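Going line by line, the protein sequences match chains A and B. Numbers 1 to 517, taken from this note's numbering, label the letters of the first sequence in order. Numbers 518 to 881, taken from this note's numbering, label the letters of the second sequence in order.
Rather than coming from a laboratory, the hints here were simulated on the basis of the structure. Since the model is a prediction, treat every value here as computed from it, not as a measurement. For every residue, glycine included, the Cβ atom is placed at its ideal position computed from N, Cα and C. Check before you lean on any hint, since a few could be wrong.
Computed cross-link-like contacts, DSSO-like style, restricted to lysine-lysine with a CA-CA straight-line distance of at most 27 Å [to be verified]:
#1 B:Lys836 x A:Lys401
#2 A:Lys401 x B:Lys777
#3 B:Lys787 x A:Lys384
#4 A:Lys327 x B:Lys737
#5 B:Lys556 x A:Lys135
#6 B:Lys833 x A:Lys269
#7 A:Lys130 x B:Lys673
#8 A:Lys384 x B:Lys836
#9 B:Lys673 x A:Lys135
#10 A:Lys401 x B:Lys787
#11 B:Lys673 x A:Lys123
#12 A:Lys384 x B:Lys761
#13 A:Lys401 x B:Lys833
#14 A:Lys401 x B:Lys761
#15 B:Lys836 x A:Lys269
#16 B:Lys737 x A:Lys384
Some chain A residues flagged as far from chain B (calculated, every beta-carbon gap over 10 Å) [stated by the list, open to error]:
#17 Gly9
#18 Thr33
#19 Lys49
#20 Gly56
#21 Ala79
#22 Val177
#23 Asn212
#24 Thr239
#25 Tyr246
#26 Gly414
#27 Ala426
#28 Glu469
Across the chosen pairs, the derived CB separations fall in these ranges [stated by the list, open to error]:
#29 B:Phe773 x A:Asp110: 42 to 50 Å
#30 B:Phe773 x A:Glu379: 53 to 61 Å
#31 A:Asp495 x B:Asp830: 20 to 28 Å
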Amino acid sequence: MYKLGIDVGGTNTDAVLIDENLKVVASVKEHTTRDAYDGILSAVRAVLKESGVNPGEIGQAMLGTTQCTNAIVERRHLAPIGILRIGAPATLGIPPMVDWAEDLRAVAVDMAVIGGGFEYDGKELAPFDKEAARKFFEGLKEKNVKSVAISCVFSTIRSDHEEEAGRLCREIMGEDVHVSISSEIGTMGLIERENATILNAALYQVAESFTNGFARSLRDEGIANADIYLSQNDGTLMTMEYARRYPILTIACGPTNSIRGASYLSKWKNAIVIDVGGTTTDLGVIQNGFPRESSVAVTIGGVRTNFRMPDVVSIGLGGGSVVRERKDGSVTVGPDSVGYQITEKALVFGGDVCTATDIAVRLGMTELGDASRVAHLSEEFARKAMDAIRSLAEDSIDAMKVSSDNVDIILVGGGSIILPEDLSGANSVSKPENGGVANAIGSAISKISGNYEALVDYLETPREQALEEAKKEAVELAVQAGAVRETVEIIDMEDTPLQYYPGNTNRVKVKAAGDLA
Amino acid sequence: MRKIGIEEIEDIALGAALLGAGGGGDPYVGKLVAIGAVKECGPVTLLDPDEVPDDALVVPIAMMGAPTILAEKGIGGTEYRTLYDAVSSFYGKPIYAFMPIEAGGVNSMLPIAAAARIGLPLVDCDGMGRAFPELQMVTFTIGGGSATPMALVDEKGNSTIFRTITNKWTEELARAVTMACGGSVSISLYAMDGAFMKKYSVKGIVTRSQVLGSAIHRVKEATDCTPQEQFLEITEGFPLFKGKISDVLREVRDGFNFGKVVLTGIQECKGREAYVEFQNENLAAVVDGKILATTPDLICLVDTETFQPVPTDALKYGKRVLVVGLPCFPLWRTKEGLDLVGPRYFGIDTDYIPLEERWKGGEQ
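Please work from the sequences and hints to get the whole structure.
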């Protein structure tokens, strides 16, 4: 059986086929299309043709997609929603979406801030105002709203009020209403958590459209026996059903897949991954096989959120970056780029713009296009440009490091030919084969996870024992979801003391992930 | 007299975060509280200190408690009304205007929200011209003003007024009540009359914050000079050092964040070393073993590309920062001022020498 990995990016839709030994059998790059479906379809078709593999032999198909990000940034296909915040009399001074752009605010048909919520220690801030919630949901039902975002003060400490509101919402608005609950999506910081929840609620139609579209494109190509998964931004997979509930979790899965794909190709589990494109370069960190998460608030389409995201830095350096000589003799590279027009505009391709790629060809780092067309560039000029490229890369590598120790570097992406391999701050540099489609490979090799959560009184069950038991449960859940037992590892574990419970009660959360069979 | 709307708030929040000198809190929540109030109640009138009558009651507004709790509970809709009623009835006269107590991301913003919600003007002054960690560290202490009677209210409608014998008691009692009320409350302190305000406050600080914030927002638009030159010109700042953070040492003691950030020189500072010591706010900047600036002068770390202020809790290995010195409010340079906030108060064994003089005596 084969695995099919697909990555839908802003410019390209990549597809790879991987065999049982996780060896790349075929890979293709197609243009991303407006509705994504056609691009996926032609990528699937092309990769099947290239490999000659029988579609019936594909056992798993994984999709990583930027469609949610694009929907938010471009304000397209977002669903009308209702927003309920539980927390009055607190938080009234900051209504939901107070700093959102007007066009994005328009997704909210109605909003209310009602009584309820908790203090930092789990004490009730105010009783849950069930009547107000009921009235709000009834109003939404009349307006035919199908998706609701629910947030609550300190729901990360205690989620009872959010859950009660969720039940009431389904009871009144019907079982098919899409309910997004903030404690399931974000962390501390009400506004950022609520923002992520609102975006999740507004994305439900987008999620339905790309999950259905993906399934349809596979079916149309005769891929009838495959289990279908979506990539999350933590490097694990989710089912179609889960993706429909939490579409926001697909945001930024592209960089995550690229980082994990690079790690797989180089066999390195701890390194800095540099993905050089035509216009920008993304730097990320792989730690024990998973991308390092960002510790700061992340802005999506102008909205500040705080749910987990890979820690990625983008710089304006790529294969198409424009190289210029200034009056004082110094040479600059980027941040502007000829972008996808590189095949017309770069000197080596017969154009008249000196790009970073031309410099790499002039210095003999790569063979591409017509080298005679850059022979007139002086070596001094080319060296100065390469020094500028080097310092841009080295500065960003340094910014991603957590200490001054040297690190291993993995170079991937179509533009990686412009980077020298002897970068300072690096132990060794790997430029793996198939690095151009690292993202689709990352999607194909994503892991399947199991999440276990329980309340444990450490006075009755000592912490060590409780954590061990929780780990075992999480491993079992991952295996049940389809992971090969021998490959399952614990990827996340946390326990939070809950002061309002008797004894020494803690919420224990463990996430385990392993390779799909 | 002029109006402050949402655009002004964006600039004031950013400029005040710079004047926070590493402390003063995350401007995000503070800004949302101010924007929320102005959207609902309309723009706020900003008064020049000289426009306030001598006998008018002027009340500084601030928050007390944990910033992480503020980020969860925000501000309710009625705290400032409760506060207004409690303070007015205590003094037996209406409050004429609100003002901020310090510059900094959070406390520069909350008085704007209070002014909008009650419909009172805001006075263009504060008690620090920057941020400081302790209650008594305001210019009003030099003038003999007292933090108490201090009013404290929560979002549930509880309120109390403290009358204490020392600042230490104020701190201790207010902390206990704050935790009982849920960990984040609104307060008013150092209530004063117009005459006292005019004599001892740091005047024009709201406008200065706005000018600084606007300059940072627009720094990339510089045409006839580099963004850095433009930034230094508008802030009238001294570029003390430019470096990459190579280490951050932290320690939490008695509720304060103590620490030291070590910098390795880049660009024009290549080959040189520096460090900045902090206690919530930055206290001293030392370059190649030589002190270039100390409290009460402002030591601000900003991103070398965006010039956004980098607070002490966001210092991270590898980040590139420009260390900028800004002269403090002149009253801080008097003996009384230095007793309150000079280097020796913070355990730094050096005499205070104004930034400008240290700069002249330096290598530059």
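These are the hints, each one checked on the structure:
1. A C-alpha spacing of about 10 Å is found between Lys836 (chain B) and Lys401 (chain A), which places the hinted pair at or below 27 Å, so the restraint holds.
2. Simply put, Lys401 (chain A) and Lys777 (chain B) have alpha-carbon atoms about 19 Å apart, close enough for the 27 Å limit, and the pair holds.
3. For the suggested pair Lys787 (chain B) and Lys384 (chain A), the alpha carbons sit about 19 Å apart, so the restraint of at most 27 Å is met.
4. Pair hint Lys327 (chain A) plus Lys737 (chain B) holds up; C-alpha atoms about 21 Å apart against a cutoff of 27 Å.
5. For a cut-off of 27 Å, the pair hint linking Lys556 (chain B) to Lys135 (chain A) stands: about 26 Å separates their Cα positions.
6. For the hint linking Lys833 (chain B) to Lys269 (chain A), the alpha-carbon distance of about 23 Å falls within 27 Å, and the restraint holds.
7. For the suggested pair Lys130 (chain A) and Lys673 (chain B), the alpha carbons sit about 19 Å apart, so the restraint of at most 27 Å is met.
8. This hinted pair checks out: Lys384 (chain A) and Lys836 (chain B) have alpha carbons roughly 25 Å apart, not beyond 27 Å.
9. Annotation: proposed proximity of Lys673 (chain B) to Lys135 (chain A) holds, straight-line Cα distance about 23 Å (limit 27 Å).
10. For the suggested pair Lys401 (chain A) and Lys787 (chain B), the alpha carbons sit about 20 Å apart, so the restraint of at most 27 Å is met.
11. At roughly 14 Å between alpha-carbon atoms, Lys673 (chain B) and Lys123 (chain A) fall within 27 Å of each other, so this suggested pair holds.
12. Under the criterion of a C-alpha separation no larger than 27 Å, the hint pairing Lys384 (chain A) with Lys761 (chain B) is consistent with the structure, at around 23 Å.
13. Of the pairs offered as hints, the one joining Lys401 (chain A) and Lys833 (chain B) holds, with about 10 Å between alpha carbons and a cut-off of 27 Å not exceeded.
14. About 12 Å separates the Cα atoms of Lys401 (chain A) and Lys761 (chain B), which keeps this hinted pair within 27 Å; it holds.
15. Note on Lys836 (chain B) and Lys269 (chain A): the hinted pairing holds, with a Cα-Cα distance of about 25 Å set against a maximum of 27 Å.
16. The straight-line distance between the Cα atoms of Lys737 (chain B) and Lys384 (chain A) is roughly 25 Å, inside the 27 Å bound, and the hint therefore holds.
17. Residue placement check: Gly9 (chain A) keeps its beta carbon more than 10 Å from all beta carbons of chain B (closest about 26 Å).
18. The claim that Thr33 (chain A) lies off the interface holds: its Cβ sits roughly 35 Å from the closest Cβ of chain B, which is beyond the 10 Å cut-off.
19. With a cut of 10 Å on Cβ distances, Lys49 (chain A) stays outside the contact zone with chain B, its closest approach being about 46 Å.
20. Annotated as non-interface, Gly56 (chain A) keeps its C-beta farther than 10 Å from every C-beta of chain B; the closest such distance is 50 Å.
21. For Ala79 (chain A), the shortest C-beta to C-beta distance to chain B comes to about 25 Å, beyond the 10 Å cut-off, and the non-interface label holds.
22. Against the 10 Å criterion, Val177 (chain A) stays outside the reach of chain B, whose nearest CB is about 27 Å from its own CB.
23. Listed as a non-interface residue, Asn212 (chain A) keeps its Cβ farther than 10 Å from every Cβ of chain B; the least gap is roughly 37 Å.
24. Remark: the non-interface label on Thr239 (chain A) is consistent with the geometry, its nearest Cβ contact in chain B lying 32 Å away (cut-off 10 Å).
25. With a least beta-carbon separation of about 22 Å from chain B, Tyr246 (chain A) lies farther than 10 Å from that chain, consistent with its non-interface assignment.
26. Distance check on Gly414 (chain A): its Cβ is at least 26 Å (rounded) from any Cβ of chain B, clearing the 10 Å threshold; non-interface status holds.
27. Interface exclusion of Ala426 (chain A) from chain B stands, the closest Cβ pair being 15 Å apart, more than 10 Å.
28. Every beta carbon of chain B lies more than 10 Å from that of Glu469 (chain A), the smallest distance being close to 31 Å; the non-interface claim holds.
29. One distance hint, 42 to 50 Å for the beta-carbon pair Phe773 (chain B) and Asp110 (chain A), holds here, with the actual separation near 45 Å.
30. Take Phe773 (chain B) and Glu379 (chain A): their Cβ atoms lie about 57 Å apart, and the range 53 to 61 Å holds.
31. Between Asp495 (chain A) and Asp830 (chain B) the beta carbon distance is about 24 Å. The supplied range of 20 to 28 Å therefore holds.
In the structure shown, no violation is registered for any of the earlier numbered hints.
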